[in-house]
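Student: Sequence:
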Amino acid sequence: MSNDTHTADPQQDPSQGASAPALDPVLAAYRKSIDNIDAAIIHMLAERFRITQAVGEYKARVTLPPADPAREQRQIARLRKLSEEADLDPEFSEKFLRFIIDEVIRHHEKARSG
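Start counting the sequence shown at 1; every next residue gets the next number (full-length UniProt numbering).
Hints are computed from structural coordinates only; laboratory data are not their basis.
Be aware that a few hints might be false.
To be verified - Now the in silico label distances, taken between C-beta atoms and shown as ranges:
1) Phe49 - Val26: 31 to 37 angstroms
2) Ala28 - Pro65: 14 to 20 angstroms
3) Leu27 - Lys81: 32 to 38 angstroms
4) Ala28 - Ala77: 35 to 41 angstroms
5) Glu109 - Ala77: 22 to 28 angstroms
6) Ile100 - Leu23: 33 to 39 angstroms
7) Ile34 - Gly114: 38 to 44 angstroms
8) Ala39 - Glu103: 18 to 24 angstroms
9) Asp24 - Arg112: 50 to 56 angstroms
10) Lys81 - Asn36: 23 to 29 angstroms
As the list claims (entries may be wrong) - Below are the BS3-like pairs computed for lysine-lysine, each with C-alpha atoms no more than 30 angstroms apart in a straight line:
11) Lys95 - Lys32
12) Lys59 - Lys81
13) Lys81 - Lys32
14) Lys95 - Lys110
15) Lys95 - Lys59
Here a beta-carbon is modelled for each residue, glycine too, at the ideal position from N, C-alpha and C.
Let the sequences and hints guide you as you build the complete structure.
Tutor: So, in structure tokens, the structure goes:
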């Protein structure tokens, strides 16, 4: 008989990995924090892209170029400094920001072309 209520078994849940310790409360708490942070990152990125989409549409209307290299350099310098203050690898932060900037520019170019 089928049971509609399913309790996740960390030993069999593929998202927990094959070697997940059974019911380790310390590890579970860390993972819950990581999951919450990951969700927050996704929501913040979504909000950032909503705003940059509006910027791209505006730039297309007023015929500004999709990229602003001077702004990008200021942003990278600002975020590298923030990374250092937060004890986060600035190289990683720059790569992450450049990835986001490249995607934003791609969206701006798309908005400009129609």
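Student: Among all the numbered hints in the text so far, which are the ones the structure does not match?
Tutor: 2
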